[in-house]
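Generate coordinates for the entire structure from the input sequences, incorporating the hints supplied.
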Amino acid sequence: MHDIWVPDGAVHNATAPLGLSVETARPIIHHRFTLRGKDRWGVTHEERVIVVQHPDEGQAELDQKIGEATESFQTKLRERYEKRPPTIAEKKEIGRIMDQIRSASLRRKESTNNLIYYPKNF
1 MHDIWVPDGA
11 VHNATAPLGL
21 SVETARPIIH
31 HRFTLRGKDR
41 WGVTHEERVI
51 VVQHPDEGQA
61 ELDQKIGEAT
71 ESFQTKLRER
81 YEKRPPTIAE
91 KKEIGRIMDQ
101 IRSASLRRKE
111 STNNLIYYPK
121 NF
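If you read the sequence shown in my numbering, its first letter stands for residue 1, the second for the next number, and so on.
Just so you know, these hints were derived from the structure itself, not from any lab.
Check before you lean on any hint, since a few could be wrong.
Unchecked claim - Between beta-carbon pairs, the in silico distance windows are: (1) P7 / E90: 33 to 43 Å; (2) V43 / E71: 16 to 26 Å; (3) K65 / K92: 43 to 53 Å; (4) G95 / T34: 17 to 27 Å; (5) E57 / G9: 22 to 32 Å; (6) I101 / G42: 32 to 42 Å.
What the hints assert, rightly or not - When the alpha-carbon atoms are kept at most 25 Å apart in a straight line, the in silico BS3-like pairs for lysine-lysine are as follows: (7) K76 / K38; (8) K65 / K38; (9) K83 / K38; (10) K76 / K65.
Think of the CB as a built atom: it goes at the ideal place given N, C-alpha and C, for glycine as much as any other residue.
What follows is the structure in structure tokens.
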């Protein structure tokens, strides 16, 4: 097994031959990693990544690919989980607003021109 650099939050699971190179007939190796990271609210997320190492690539290229995969995972965490889910109180407020919108829509349908609703308390 090779001495592989692994960034923080990553676990090297396995190294296995993937096949043979057509040009050199040397083995192409794939490395499996599990990347773990926490989002802004402390929830842990996990992603499995496979990094392929061709026979003509050295250790530096492999380390760079692993680093790019980790950086891509961290970017995805930031983009996907930037907005926190609403709390129960916020969900209730959203429900109240949706009820108001629905009732206003029903009142609009009762009006003569079906476009404008004139509130009675105006």
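Here's how the hints hold up against the structure:
At roughly 36 Å, the beta carbons of P7 and E90 sit within the given window of 33 to 43 Å. Between V43 and E71 the beta carbon distance is about 20 Å. The supplied range of 16 to 26 Å therefore holds. Restraint check, K65 to K92: a C-beta distance of roughly 48 Å satisfies the suggested window 43 to 53 Å. Separation of G95 from T34 is about 39 Å and departs from the stated range, judged on CB atoms against 17 to 27 Å.
Range check, E57 to G9: about 24 Å between beta-carbon atoms, so the 22 to 32 Å window is met. Checking the proposed 32 to 42 Å range against I101 and G42 shows it holds: the Cβ atoms sit about 34 Å from each other. Restraint check: the Cα-Cα separation between K76 and K38 comes to about 11 Å, which is no more than 25 Å; the hinted pair holds. The straight-line distance between the Cα atoms of K65 and K38 is roughly 21 Å, inside the 25 Å bound, and the hint therefore holds.
Annotation: proposed proximity of K83 to K38 holds, straight-line Cα distance about 14 Å (limit 25 Å). The straight-line distance between the Cα atoms of K76 and K65 is roughly 16 Å, inside the 25 Å bound, and the hint therefore holds.
In this structure, only the earlier hint numbered 4 is contradicted, and the remaining ones agree with it.
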